[in-house]
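Participant: Read off the chains here:
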Amino acid sequence: QKEVEQDPGPLSVPEGAIVSLNCTYSNSAFQYFMWYRQYSRKGPELLMYTYSSGNKEDGRFTAQVDKSSKYISLFIRDSQPSDSATYLCAMSASNNNDMRFGAGTRLTVKP
Amino acid sequence: NAGVTQTPKFQVLKTGQSMTLQCAQDMNHNSMYWYRQDPGMGLRLIYYSASEGTTDKGEVPNGYNVSRLNKREFSLRLESAAPSQTSVYFCASRSVAGRGGYGYTFGSGTRLTVV
Chain A
1 QKEVEQDPGP
11 LSVPEGAIVS
21 LNCTYSNSAF
31 QYFMWYRQYS
41 RKGPELLMYT
51 YSSGNKEDGR
61 FTAQVDKSSK
71 YISLFIRDSQ
81 PSDSATYLCA
91 MSASNNNDMR
101 FGAGTRLTVK
111 P
Chain B
112 NAGVTQTPKF
122 QVLKTGQSMT
132 LQCAQDMNHN
142 SMYWYRQDPG
152 MGLRLIYYSA
162 SEGTTDKGEV
172 PNGYNVSRLN
182 KREFSLRLES
192 AAPSQTSVYF
202 CASRSVAGRG
212 GYGYTFGSGT
222 RLTVV
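Those sequence lines, one after another, are chains A and B.
For the first sequence, the numbering used here gives the first residue as 1, with consecutive numbering after it.
For the second sequence, the numbering used here gives the first residue as 112, with consecutive numbering after it.
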């Protein structure tokens, strides 16, 4: 069993839809949770960062962490074609030098 | 402000050949990392350097060596390339302040094929 599980998709939605992306994990020591966006043939870029449990909102993006269920989510409101990318979840324990990544979910937003 | 720069962007090697992947960052970050990305596997840590002068193994270090040349530069060497090392390699450095929190800044990657 992988330490971080993420549905690879692909996920296809119409423009304007609400997108929900999710990851589950097995290591209860994880405290730092991140979402990265990766466009084709580019490096990942940090999208959202959350410490411990709770919600964080940034524009059209909302990150949720439920440590009791070992489950994290990223919601994208009013999705745009420019949101088409692969979304990677990532997490680490107190030592941030060993971050674990999900395999990524490929999202396509159709005009 | 270039961020994290990786060279080369593409490389084809024959089995048994050696090469060094170069990485440089201009953000004055202390920590630097090398990851490989394979389909269905996500990003896996090869080696990291928490600060200048130190290096440590990550999840998949076998077949690789690293050098932290100075605070800016962190290189990855394949001494005898194998087909299993065909992958996309990403270098990253760590931001500890500002909007990014504890997130990483990644380079654009090196696509390596070993035949």
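Don't take each hint at face value.
[Said to hold, decoys possible] Some residues of chain A that are not near chain B, with every Cβ distance over 10 angstroms (derived):
1. S12
2. N22
3. S53
[What the hints assert, rightly or not] Quick look at which bits of chain A chain B covers, simulated, 3 or more residues with Cβ under 8 angstroms:
4. 25-31
5. 79-86
Rather than coming from a laboratory, the hints here were simulated on the basis of the structure.
Just so it is clear, CB atoms sit at the ideal spot from N, CA and C, and this is done for glycine as well.
Participant: Could you run down the list of hints and mark each one as holding or not?
Facilitator: Consistency of the hints with the structure:
1. Distance check on A:S12: its Cβ is at least 19 angstroms (rounded) from any Cβ of chain B, clearing the 10 angstroms threshold; non-interface status holds.
2. Annotated as non-interface, A:N22 keeps its C-beta farther than 10 angstroms from every C-beta of chain B; the closest such distance is 15 angstroms.
3. Every CB of chain B is more than 10 angstroms from the CB of A:S53 (nearest about 15 angstroms), matching its label as outside the interface.
4. Check on the region 25-31 of chain A: 0 of its residues sit with their Cβ under 8 angstroms from a Cβ of chain B, so the three-residue criterion for coverage is violated.
5. Under a criterion of three residues with beta carbons nearer than 8 angstroms to beta carbons of chain B, the stated coverage of the region 79-86 of chain A fails, only 0 such residues being counted.
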